[in-house]
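One-letter residues, chain by chain:
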Amino acid sequence: MSLSPNPPHDPRANYIQMMQRKRLYGGLTMAIFALLLVSGFMLANDRNAGGFWSGLPHVLDFPADVWADAAPKVDQLPGHFLTFFPSLLETINIAAVSTLIGAAIAVVLSMLATRGLALWPRAIPVFRRAMDIMRAMPEIVIALVLIFVLGGGPVPAMIAITFHTAGALGKLFSEVNENADLKPIEGLQSVGAGWVQRMWLGVIPQVAPNYFSYGLLRFEINIRASAILGFVGAGGIGYELKNAMSWGLGKFDEAAAIFILLFLTIVVFDQLSSRVRQGLIHKGGH
Amino acid sequence: MAASDLYQSSERLFRRKQLIGFAFPAVILTYLVYVFFAFDILGLAERARWDNGATLVRDTYSYKTHVTRDNRNGETSIAVEGERKGSYPDGMVPPWVAASGDTVTIDLKDGHRVTFLPNNGLRYEVPGFGVIEAAIVNRAVQTNLGDTVPDWVSLSRSRLDITTDAGRVSLTRNKTEVFRYSFGWELFFYTFTSPYHGHSLTDILFGPQIDPTRSNLIGAVQDFWYNPMWQHGMVVWAMFETILMAFLGTFGAAIIALPLGFMAARNFNRIMPARFAVRRVFDFLRGVDGLIWTIVLSRAFGPGPMTGALAILLTDTGSFGKMFSEALENVDPKQIDGVASTGAKPLQRYRFGVIPQITPVLLSQVLYYLESNTRSATIIGAITGGGIGLLLTQAIITQKDWEEVSYYIILILLMVMLMDTVSGWLRRKLIRGQDA
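Protein chains in written order, with our numbering: chain A, 1 to 286; chain B, 1001 to 1436.
Bound conformation, chain A alone (with noise of 0.2 Å):
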């Protein structure tokens, strides 16, 4: 700020009437704000099939159904785990192997991508380009389009989720990869290394606790979308539910065993991961 010649003769007047502009300011992008959300749940509500006031006093009429169809028959929910158990390990492999694959991806992309670390600087561009479009690829896209040309099945899920994940991890892993230190990376090139070994050597070590943190972030992501995938198609639980779903009114026990089952391992993981994560960060992983 430039002094002014002619000092403000009122400071407090100034101020006051400043802090006024502020609040105003303020006020104003609150409003507009709560209008746009206030609209926007109108709209959405015209446009909705049933409206949100009508729908309301029924939210609980599914889960009741499925209450009611499990309750009276809650001895075969054993037998219910054991029979979607398969399933359920197939969602939760396609996690995994898509994390891992996704993962290898995206270290490769990330110190593509990186100043500093990149093998051909001038590409740097391009490889981000090439992650902002993987990232910005829904699962669903792939999925479909796979599930058209290879039939149903986990493989359309894991490619989707892996390409994804691959742009996903690897902005993250570029973010980390530009806090590395390089002077591992010119030791070992005065060395006489490659790229290759520059980067396994010199930089993998240094960042290895943080993507392994955001590796399992992305794992638990995973899951869900997996589940999801198999909803429309892909297999796994998904799959099983939307059998279960659209067998309808008789078959809600099973999928009241899928939900149990499903809820379960979100969470299982959820704890598991963030367990992991505190305890890498307090063993004062960078």
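Derived by calculation from the structure, the hints in this document are not laboratory data.
Since this is a predicted model, take the numbers as computed values, not measurements.
Be aware that one or more of the hints could be misleading.
Stated by the list, open to error - Incomplete in silico selection of chain A near chain B, CB under 8 Å:
hint : residue
1    : G79
2    : L82
3    : V155
4    : F259
As the list claims (entries may be wrong) - Restricting the straight-line Cα-Cα distance to at most 27 Å, the calculated cross-link-like pairs of lysine-lysine (DSSO-like) are:
hint : chain 1 : residue 1 : chain 2 : residue 2
5    : B       : K1175     : B       : K1109
6    : B       : K1109     : B       : K1064
7    : B       : K1334     : B       : K1345
8    : A       : K183      : B       : K1017
9    : A       : K73       : A       : K251
10   : A       : K73       : A       : K242
11   : A       : K171      : B       : K1429
12   : A       : K183      : A       : K171
13   : B       : K1085     : A       : K22
14   : A       : K22       : B       : K1334
15   : B       : K1064     : B       : K1175
16   : B       : K1345     : A       : K22
17   : B       : K1085     : B       : K1064
To be verified - According to the in silico footprint, chain B covers these stretches of chain A (three or more CB under 8 Å from chain B):
hint : stretch
18   : 16-25
19   : 37-47
20   : 108-121
Where is the CB? At the ideal position from N, CA and C, for every residue including glycine.
Add chain B to chain A, keeping to what the hints say.
Frame of chain A; chain B shown alone:
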């Protein structure tokens, strides 16, 4: 410590590192091998429908025009993708079709030429092979091929199919049909019913009035918006719905999660059981996951954007609640003490002592979720029936309009990248604004 002990311990360390260095990749490799068999990757090659893939790829950059003769009354019609909405009006033919009397000549590419002869006859000149002639005689297909039928021709008593690089020809008792492939997305701007079809942009903007009832600009925009094949207006609405779902879900969740976050933070809520209860609510909301919320809610509210928005809202209330309460536990108490020392009441203390501290963190998380929820809204839309996700699934399920599928995919990508850019820009702007 003696030198030998040191040697020993460092050797042990080396051995352990070596072991880990080999064991870790080995475990991953074993797992991948297991999955390779569990997912039946080998069987995949047999199950895959590569012809579907080829159709898909070709359709993304080309379209086909059907020239069809009804063999019962001899009438010939021409339609893009064989759809009524894309049919050529009477008297209008593409330049590669020539009609004279009962004979219609269709010029496929590279010297391939098909002729519809009178009396349900068909003649196809294939360069490098010769002439195939066929006709319906006594309600059965007869050809000049004899016993040597090439593998790109399929022939039975009731049907003849010829597939070459230039196009496809089929002959049955009811109709004779020729597919000609052309590059591009035909009728993307205007269908044949619109007077603006075939006019260039400069024509429309600066040329004479085309439709006497409307000004050129208004008419052109109207006909583009209501293009019956591509339905641009509907697609824009669908994308708006998807963004709306993400917007309402994300910010609605943030607004609900903020007070709940206070209730779950150790330094703002001293009552342990209440804190515990709120936290378990967060865990529950997050654990049930968007998929199940979508199913449950769509039973009550029916399909539409509201259902999707509420599903996102519920899941994210859990996520935000957890994140907010963690952020609140890390606030600096000095600032709150300072505000309290001026005699501020609790609400004022929160407003002036806490909110300014956490706003940048919270906003950046919320905006980050906005982008990721745009993607979720696409998927949820496919399940609950709203937005661009629904259009995409429908286009894929009908399995014929792959150019529309690629159009939607491009639009979705652009939409998500736009949201990414906007949220990143807002994040930088707001957080810097807080610092200043």
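Status of the hints after comparison with the structure:
1. G79: violated, 21 Å
2. L82: violated, 18 Å
3. V155: holds, 6 Å
4. F259: Because about 6 Å separates F259 of chain A from the closest Cβ in chain B, which is inside the 8 Å limit, the hint holds.
5. B:K1175 x B:K1109: holds, 22 Å
6. B:K1109 x B:K1064: holds, 13 Å
7. B:K1334 x B:K1345: With a Cα-Cα distance of about 16 Å, the restraint between K1334 of chain B and K1345 of chain B holds, given a limit of 27 Å.
8. A:K183 x B:K1017: Answer holds: K183 of chain A to K1017 of chain B is near 23 Å, not above 27 Å.
9. A:K73 x A:K251: Given pair K73 of chain A, K251 of chain A holds - Cα atoms ~10 Å apart, limit 27 Å.
10. A:K73 x A:K242: holds, 20 Å
11. A:K171 x B:K1429: holds, 21 Å
12. A:K183 x A:K171: holds, 23 Å
13. B:K1085 x A:K22: violated, 56 Å
14. A:K22 x B:K1334: holds, 25 Å
15. B:K1064 x B:K1175: holds, 17 Å
16. B:K1345 x A:K22: holds, 22 Å
17. B:K1085 x B:K1064: Holds, at about 14 Å.
18. 16-25: Contact hint for the stretch 16-25 of chain A vs chain B: violated, 0 residues under 8 Å.
19. 37-47: Held - the stretch 37-47 of chain A has 7 residues with a Cβ nearer than 8 Å to chain B, which meets the minimum of three.
20. 108-121: violated (count 0)
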